[in-house]
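Visitor: For reference, the chains in residue letters:
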Amino acid sequence: MSSIGTSLLRRSVIIKETLIHKADPRTKFFFFLWISIWAYIFYDYVLTAIFLIGIIILAIIGKILKRILLSVAVTVLPWMAFGVPILSVLFPWNSTLMYKIEIFGWQIPFYYEGFAWGLTWPLRIGVCITSALLFYLTTNPANLIALLFKLKLPFRFIYAFAAAVQLIPLLVDEAGTIYQAQLSRGLRTDVGIIKRIWNFLILIIPLTLSSLTKVQIRAIALESRGFSAPVIKTCPYDIRFKSIDYAFFIGIIMATLIMIYIYIVYGFSPIVHLKQYLISG
Amino acid sequence: MKVLSKQEVISFQNFSYSYPTKRNVLIDINLKVYKGEVLGIIGPNGAGKSTFCKSLNGLVPHFYGGTVKGNVTVAGMDTLEHTVAELSTKVGIVFQEPENQLSGLALTVEEEVGFGLSMLGFSRELIKERVKEAIEKVGLKGLERRSPFELSGGQQQRLAIATVLAMKPEVMVLDEPVALLDPIGKYEVFSVLKELIKEGSTIIIAEHEIEELAYLTDRILFLKEGKIISLDNSRNVLSEISKLREAGIDPPSITELTYELEKELGIKFDQYPIKLSEAVKLYSEVLKIK
Chain S
1 MSSIGTSLLR RSVIIKETLI HKADPRTKFF FFLWISIWAY IFYDYVLTAI FLIGIIILAI
61 IGKILKRILL SVAVTVLPWM AFGVPILSVL FPWNSTLMYK IEIFGWQIPF YYEGFAWGLT
121 WPLRIGVCIT SALLFYLTTN PANLIALLFK LKLPFRFIYA FAAAVQLIPL LVDEAGTIYQ
181 AQLSRGLRTD VGIIKRIWNF LILIIPLTLS SLTKVQIRAI ALESRGFSAP VIKTCPYDIR
241 FKSIDYAFFI GIIMATLIMI YIYIVYGFSP IVHLKQYLIS G
Chain A
1 MKVLSKQEVI SFQNFSYSYP TKRNVLIDIN LKVYKGEVLG IIGPNGAGKS TFCKSLNGLV
61 PHFYGGTVKG NVTVAGMDTL EHTVAELSTK VGIVFQEPEN QLSGLALTVE EEVGFGLSML
121 GFSRELIKER VKEAIEKVGL KGLERRSPFE LSGGQQQRLA IATVLAMKPE VMVLDEPVAL
181 LDPIGKYEVF SVLKELIKEG STIIIAEHEI EELAYLTDRI LFLKEGKIIS LDNSRNVLSE
241 ISKLREAGID PPSITELTYE LEKELGIKFD QYPIKLSEAV KLYSEVLKIK
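From first to last, the protein sequence lines stand for chains S and A. With my numbering, the residue at position 254 of the first sequence is 254, and numbering never jumps. With my numbering, the residue at position 223 of the second sequence is 223, and numbering never jumps.
Pulled out of the complex, with its shape left as it was, chain A reads as follows (with noise of 0.2 Å):
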């Protein structure tokens, strides 16, 4: 198990906030993110996972206004006090629609990766160091001067990280980043996702394939309502398969037979299997006592 950073990145400290539409979208949300640390959010559809990633980098409540009560502070910075531009290099957002996060202003995937960096006056010759640097690590060589719009879901999804990268952010956002991606995009995102992980990146992902988060995540944010649920090593959140399916959400299938089993069975495990390796071994031993 990853031996986690002492080092505080982010500090949500009894934050709340409603929309000027909608009320008490997060409630009383109290937690530490590490740095290093992949954080996992999961909920249903409407506990606040978007608006909990949105509140990292400022635009809640400054892009959507509304009530906020509580703080929350980013590398040092409370985003209260810190414009959205001005977190752009502490925060890197990817959203869901791939296509739709593209600045609709660059014809070349080498111009969008540098898109953030020229509105934030870098210098051209940095630019151009942290744009190939972003395009090799998302493997986009060789589209350097395709348009973004001809890429497919999975490249544009890559692209849209490549654009956070380069910012060097300290801390990656992730809002359900593969939910519209077929198959072989979820594959080529996770991919990177796994690389940027063994880097070290501090990152916070939203996601409803949560089988994927039991690879990723070293600790489950679990929302519902607005409210915290679960916050814990993502082995304990995902095992709460009662409380999971409670609130809508599957449970890694693993886990779930595992779950079962021992209620069929009568066998006590000890801890359930959350990736597939933990279940073959589970499940070999188990065999063969029987």
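Chain S on its own, in the form it takes in the complex (with noise of 0.2 Å):
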């Protein structure tokens, strides 16, 4: 397997002995689902600053600061850095200027709504992006799958989570051997951006082909293993709630009655004033 397939699919869960990693994996995925709901209510680019540092927080308590660090510069600082000097220029709801920037004997005016959204949508993503992160990197997958079948999911849904589990890393895999191999055949790499874009197209019959096949062998495999045996199965590790999943759910309850304090009384965007736009959501 190349580096890149190994290190996804074997530093995909960080195995350490932290209050995260113990927690139940149904509370760090109702975080999830709660952080990424109130980040989308709330239109106010401060205040999901401050969720996301939040989740960087939990991401130091439970150790994974590098790969939540790496996952924000990789999604919210490149659209943070093409998304605001465009928006705010070219914005449709753009009104109230901030300041005007001369080039080239032009008055280019800068506006703060356009600003403000290109800071609030990557902010959005970065917390649902990292609060799932929070959730997959820090649970065992085998104890995912038997607390999916715990929960008694249908089967179908478990069997294509379990694929695409399987899938990512294999994807990443298979596209480096291929791409290796047209690579030898003579594919030039000394090309523009445009004939680049079409190398990699190029790679996708071979790729999804290539992948489908070795997921149907892993099928097999799973299959061979008693995995739809309709059995109560047996989770590697204890999955109940635990001292540390009460004390999250409270902190989880109180944290939501404050939001919806300030919803209440401050409206959706409490601390930037901004106006909700029909295509912010």
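Hints were generated in silico from the structure; no laboratory data involved. These numbers were taken from a predicted model, which means no experiment stands behind them. One thing to keep in mind: the hints can contain errors.
What the hints assert, rightly or not - Residues of chain S clear of chain A, computed beta-carbon distances all greater than 10 Å:
1. Ile53
2. Gly54
3. Ala81
4. Ile101
5. Phe104
6. Ala132
7. Ile252
Said to hold, decoys possible - Below, in silico cross-link-like pairs of lysine to any residue (SDA-like), each with a Cα-Cα straight-line distance of 25 Å or less:
8. Lys63(S) <-> Phe149(A)
9. Lys214(S) <-> Glu97(A)
10. Lys150(S) <-> Thr89(A)
11. Lys128(A) <-> Ile14(S)
12. Lys168(A) <-> Val231(S)
13. Lys22(A) <-> Gln216(S)
14. Lys16(S) <-> Thr108(A)
15. Lys214(S) <-> Tyr64(A)
16. Lys168(A) <-> Thr234(S)
17. Lys128(A) <-> Ile232(S)
18. Lys63(S) <-> Leu77(S)
19. Lys128(A) <-> Cys235(S)
20. Lys214(S) <-> Gly66(A)
21. Lys66(S) <-> Arg145(A)
22. Lys132(A) <-> Ala229(S)
23. Lys128(A) <-> Arg240(S)
24. Lys132(A) <-> Ile232(S)
25. Lys186(A) <-> Thr177(S)
26. Lys16(S) <-> Lys132(A)
Don't be surprised by glycine CBs; every beta carbon is placed ideally from N, CA and C.
Put the two chains together into one complex, using the hints given.
Guide: Next up, the structure:
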């Protein structure tokens, strides 16, 4: 397996003995849903940034800070770097002028509405991704599968979930192998960006076919080991709510009450006082 | 020569199978495998070796669909009447690609070995005990906490064998288990197999490494285009040089050499050697006479 594929699967879960790791997967999954919904309810980049900082603090506790920061760097920062300058100038609902910059004799106006939109949306996406990663990176997949069975979810759904967990590293690995094969058959890499995109497009058919075959082999291997047996699965570890989970839920309830209060009293943009735009949701 | 038990573990009765997309992959297979027996399966590509293996734990036809005639019974269970999951404690399969048969859901070697047992709802205590035992048997002790993806090909294949051993199946099926391994990996896997054979396990092994089969198997099933060409003790099947060549299979080198010498020198040998030690003994005698 190529190094990227290996590392993706091998390091998808970071084994540590922290409070976050000890928490029940259901608690962490509920937290992911809860904070993502609040990030979308409020249209306030300061508050959303506070949510993100909260997740980063939990990532520090869970000793997965590096991975979380990396995902923030990959998802949030590039969108901000592109979105903020473009939207500050071109956002259709721009009305509040912040300042003007002179470029080549042109006065370019920068507006608050576009600026705020360009900040808020990447932060919202960042909150979703990082909270999902907080759940995923600290939860043992075998435990998760056993939990899904325990929750009596439909078998097909669990199978699809298991396949999805396996598919990501397989795809990355296969893409690497096929790309190297194409390179050895003369695929040129010293070309422009359009040609490079085309190079990746021509990987899609062999990549899809080969990954499907591999997923099928894995499905056979899973099936041969009793995956579909209609029995109560044994979880490798204890899956039950512990004191950490109850403490977490108490915190979530308190935070929910505070946020409901803020929403009712100060509205959806309590700190930066933005107007609501249809497009912003 | 090993004395075979009379206890029947596998029985194929007039078994024929067609995939939904390919007809007559296995045609009218009739055979019995006995407890403690090691049966090798040889044949050119497309002979039906893998399909034969997959019919033992019900993947054929439950997973692939297709049409079946006749039946296969393993440890008293008709594979058509039982699910793959039910058969998983009776038949354990090790496939060709070590990496693709990992569950992809376990973080460590011991979790991977215990995965099948936990899917079957065994108790944690029993899983722990079986995992320890299986890991020791395949020589992966000390690597329990390692990620399965950090292992070498040979180690991964031994891990795959351990995952099967942990289920304590009555029959172990290996479908070209060393085809993708380097020489060290092959050596590691064959060493484990030799140990299992010593312990009296019932093993079915489809393999291209025909020379190794001579050392491992009691009988060999020779398939071609889905039909049985030969089913006999290993020596007799591996000595059918012209039949093997005709099917595109290389006979063991020493057996082939003896066959050629017999033709060339006009000497009649009682039997062809299939192992190196037998060849040394035979040629020593011939050279002494000369």
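Visitor: Now, for every hint given, state plainly whether the structure supports it.
Guide: Now the hints, each set against the structure:
At roughly 29 Å from the closest C-beta of chain A, the C-beta of isoleucine 53(S) stays outside 10 Å, upholding its exclusion from the interface. Against chain A, the non-interface label of glycine 54(S) holds: every CB pair exceeds 10 Å, the least being about 27 Å. Here alanine 81(S) stays apart from chain A, with its beta-carbon at least about 34 Å from theirs, past the 10 Å limit. Listed as outside the interface, isoleucine 101(S) is consistent with that label: its C-beta sits roughly 51 Å from the nearest C-beta of chain A, beyond the 10 Å cut-off.
For phenylalanine 104(S), the non-interface assignment is confirmed: its Cβ lies about 54 Å from the closest Cβ of chain A, beyond the 10 Å cut-off. Distance to chain A confirms alanine 132(S) as a non-interface residue, since its nearest Cβ pair spans about 18 Å, more than 10 Å. Taking the minimum C-beta to C-beta distance to chain A, about 28 Å, the non-interface status of isoleucine 252(S) holds against the 10 Å cut. Proximity of lysine 63(S) to phenylalanine 149(A) is assessed by CA-CA distance (about 22 Å); at most 25 Å being required, the pair is judged to hold.
As the CA atoms of lysine 214(S) and glutamate 97(A) are separated by approximately 10 Å, the hinted pair is consistent with the 25 Å bound. For a cut-off of 25 Å, the pair hint linking lysine 150(S) to threonine 89(A) stands: about 22 Å separates their Cα positions. Our distance criterion of 25 Å between C-alpha atoms is met by lysine 128(A) and isoleucine 14(S), whose separation comes to about 22 Å. For the proposed pair lysine 168(A) and valine 231(S), the alpha carbon gap of about 18 Å is at most 25 Å, so the pair holds.
For the given pair, lysine 22(A) sits about 18 Å from glutamine 216(S) by alpha-carbon distance, which is consistent with the 25 Å threshold. This hinted pair checks out: lysine 16(S) and threonine 108(A) have alpha carbons roughly 13 Å apart, not beyond 25 Å. Taking the CA atoms of lysine 214(S) and tyrosine 64(A), the gap is near 15 Å; set against the 25 Å cutoff, the hint holds. A C-alpha spacing of about 18 Å is found between lysine 168(A) and threonine 234(S), which places the hinted pair at or below 25 Å, so the restraint holds.
Annotation: proposed proximity of lysine 128(A) to isoleucine 232(S) holds, straight-line Cα distance about 18 Å (limit 25 Å). A distance of roughly 22 Å separates the Cα atoms of lysine 63(S) and leucine 77(S); the hinted pair therefore holds under the 25 Å criterion. The suggested pairing of lysine 128(A) with cysteine 235(S) holds, with an alpha-carbon distance near 12 Å, which does not exceed 25 Å. Taking the CA atoms of lysine 214(S) and glycine 66(A), the gap is near 21 Å; set against the 25 Å cutoff, the hint holds.
Between lysine 66(S) and arginine 145(A), the direct Cα distance comes to roughly 23 Å. Compliance with the 25 Å bound is thereby established for this hinted pair. Distance hint between lysine 132(A) and alanine 229(S) is fulfilled; the C-alpha atoms sit about 23 Å from each other, no more than 25 Å. Pair hint lysine 128(A) plus arginine 240(S) holds up; C-alpha atoms about 20 Å apart against a cutoff of 25 Å. For the hint pairing lysine 132(A) with isoleucine 232(S), the CA-to-CA distance comes to about 23 Å; that is within 25 Å, so the pair holds.
A C-alpha spacing of about 24 Å is found between lysine 186(A) and threonine 177(S), which places the hinted pair at or below 25 Å, so the restraint holds. The hinted pair formed by lysine 16(S) and lysine 132(A) meets the criterion: a straight-line CA distance of about 23 Å does not exceed 25 Å.
Every hint from the earlier list agrees with this structure, and none is contradicted.
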